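> Full structure from sequences and hints, please.
The listed protein sequences correspond, in order, to chains Z and F.
Taken in order, the first sequence gives residues 1407 to 1806; the numbers are from the working numbering.
Taken in order, the second sequence gives residues 1407 to 1806; the numbers are from the working numbering.
To be clear, the hints were calculated from the coordinates, so they are not data collected in a lab.
For clarity, every value in this text was computed on a predicted model and none was experimentally measured.
There's no promise every hint is true.
[To be verified] Straight-line C-alpha distance at most 30 Å; calculated DSSO-like pairs for lysine-lysine: (1) F/1746 <-> Z/1647; (2) Z/1802 <-> F/1602; (3) F/1600 <-> Z/1802.
2 protein chains.
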Amino acid sequence: MDKILRELIVENDKKIVLLVLDGLGGLPLEAQGKTELETARTPHLDALACGSECGLHIPIDYGITPGSAPGHLALFGYNPLQFQIGRGVVAAMGIGFPMQAGDVAARLNFATKDEQGNIIDRRAGRIATDVCSRLCELLSENIAISGVEVFVKPVKDYRGVVIFKGEGLSDHVKDTDTQNTGVKPLDPEATSDKGKKTAQIALEFVKQSFRLLQDKTPANAILMRGFAELPHIPSMKSLYKLNSLALAVYPDYKGVSRLVGMTAEENLKDINDQMEKLKNSWYNHDFFFIHHKYTDSKGEDGDFNGKVAEIEKVDSILPQILSLEPDVLIVTGDHSTPAKMKSHSSHPIPFLLYSRNVRPDSAVEFGERDCANGIWGIIKTPVLLQLALGYADKIKKYGA
Amino acid sequence: MDKILRELIVENDKKIVLLVLDGLGGLPLEAQGKTELETARTPHLDALACGSECGLHIPIDYGITPGSAPGHLALFGYNPLQFQIGRGVVAAMGIGFPMQAGDVAARLNFATKDEQGNIIDRRAGRIATDVCSRLCELLSENIAISGVEVFVKPVKDYRGVVIFKGEGLSDHVKDTDTQNTGVKPLDPEATSDKGKKTAQIALEFVKQSFRLLQDKTPANAILMRGFAELPHIPSMKSLYKLNSLALAVYPDYKGVSRLVGMTAEENLKDINDQMEKLKNSWYNHDFFFIHHKYTDSKGEDGDFNGKVAEIEKVDSILPQILSLEPDVLIVTGDHSTPAKMKSHSSHPIPFLLYSRNVRPDSAVEFGERDCANGIWGIIKTPVLLQLALGYADKIKKYGA
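Below, the structure written as structure tokens:
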């Protein structure tokens, strides 16, 4: 958003709700078929679409598949090419670790290696979170590397995060995870002179970890990826005068939210918890980000019907949000995850924007093709927040 | 428009007409209803839309509500974020006052204050223009401030403009108008060191004015706003090789036109005058800006049916424009003013572009939703002038 325009932003008590179904955009399995969203029975979303302005959005650029962090940054109004967030930072922020400038974090998978040292399972048989916690504690307490503090924290299931604190660290270090099995992990390698010290520390960390884990099969190895320093991102409060609240179950989404200065609720277990918290926090915030993870998970699993069911589940709670009478409600995703592709994809993401002063367009169902005929056509994702601010009367008129 | 592309512009005798219905864009009163434009019986505009290319445009940016000056600048092909025009300048240029670099102008309202000095009517009972003229003369003739020349000129009704000429002036001065009643006007306050001298002069101006007006109830006070210096805006002639003529009834629109170097006709009283002048000037210009104010006024009043009637009035004169066989005719607005909102709004504005060589699209009526399905989708407003130049063969081919 242009600096001149940001100066027009005013604070008021109007409420904006951003409901994100992760990986919402989909594809038909057959050329003449319907997408997951078009297949889902979504009476509430369809009724809302009839009275809304619809369109499709692109988080990064045409043909570019977004990761979760840039997808969300774009939804929060930021240019994801300007603010890059490494995976390590997302993980650390997601578990509420107080990262500071100069720290370097990396995502850590517990994994299984064979006797030759080749990785045979990149997720250590998907060990449970409590097993992961004990292993993180083991590493955290026993690893000592001179000149640097080391923190190892559990994230979820087989996922952890390591944070290094010290002087002269840098994130110019390559992943040790090859993303393949049947091969040895790589040594952490510096991608520039700046990264040499951190690469040395990471190598030492890997060696000590392997020693400590040698009798912990299936979790007898670790893989590191996404070495990252804390980026400086101005807060949504400073940019948009929004007091924002994140209602997310999964740690990574709390992490991205915290990076833009949102308050992120802890201990939300499911969508009912999220709705409960939304109601209880309604008068304390003016921007609410509600995140539903499982549409993406089912898409990644290639489970078309499972994704349909998750969309229907979100549809069923929509009346609870509407009963609060938000001034602006946006329903959308952070990227597409078509079950057909079992992965994130570059396809534009459908959205609906509901507010008192909209021009309902020709979209009569909430689906990719109806949204393509919506009034907004295809827009860049950060535009959505600008529209929300405008429709919530949070931007003054420009010029005489 | 890109500098490389501007070098391709050629002068020819093809005629472009830009017909602006101020505040044209609207909203349905009920979710399933029609907008003002969709409601209006507009047989000529509908027939034209059938043979035109349609779309919606955004003057400033998504979610941003345009003032009239930036809305028009955008229609004239300028980026309104690059050229900012203060209200004082618009007013001064509108009455044909020859402002020069270094002058500072401010809009002036005659107002009514009570015995405590609180403003009780910001428009002095909407005094007539001739009363306003006599009061402006009174101030102009009697106010003396050392080191500066002071001109006070009537605009329309209770509106006037004051222009200060002198050394070291600046527009870094805040409004005295609080936009509220029941409170005292503010003192003119400098917003930077640069503005201190002008703030002092404005304060002296206010004091002398109040003394001269003390027995002139209801016009016993003045309010000042929009302190502004003349911006440097390259002319439409220099940028686009257009000999342009403005046919506007209201002073402010003549003002904006003059800022981009248009010839602005004086003494046009109504749309019949405008049509008469259009015909008489047809061979002397190649760009004609015709401005109809009352669609906006009715929108601001919340008068849905009144706005509908104004749109129908413009529809009825369309054959007169078409009989001149313009090479390009654009019909649109400078912003939306939905009667439902009683104010300018950020909604995209419908347009039709008629020319001999168009690809008529699926829009069969001239309305917001039909235009949303038009061939151009949503474009930034300055694109319109570029399209007009292209369709009028005023841009040479780029490249071999």
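> Could you run down the list of hints and mark each one as holding or not?
Against the structure, the hints:
With a C-alpha separation of about 27 Å, the suggested pairing of residue 1746 of chain F with residue 1647 of chain Z holds against the 30 Å cut-off. Between residue 1802 of chain Z and residue 1602 of chain F the CA atoms are separated by roughly 27 Å; this keeps the pair inside 30 Å, and the hint holds. For the given pair, residue 1600 of chain F sits about 26 Å from residue 1802 of chain Z by alpha-carbon distance, which is consistent with the 30 Å threshold.
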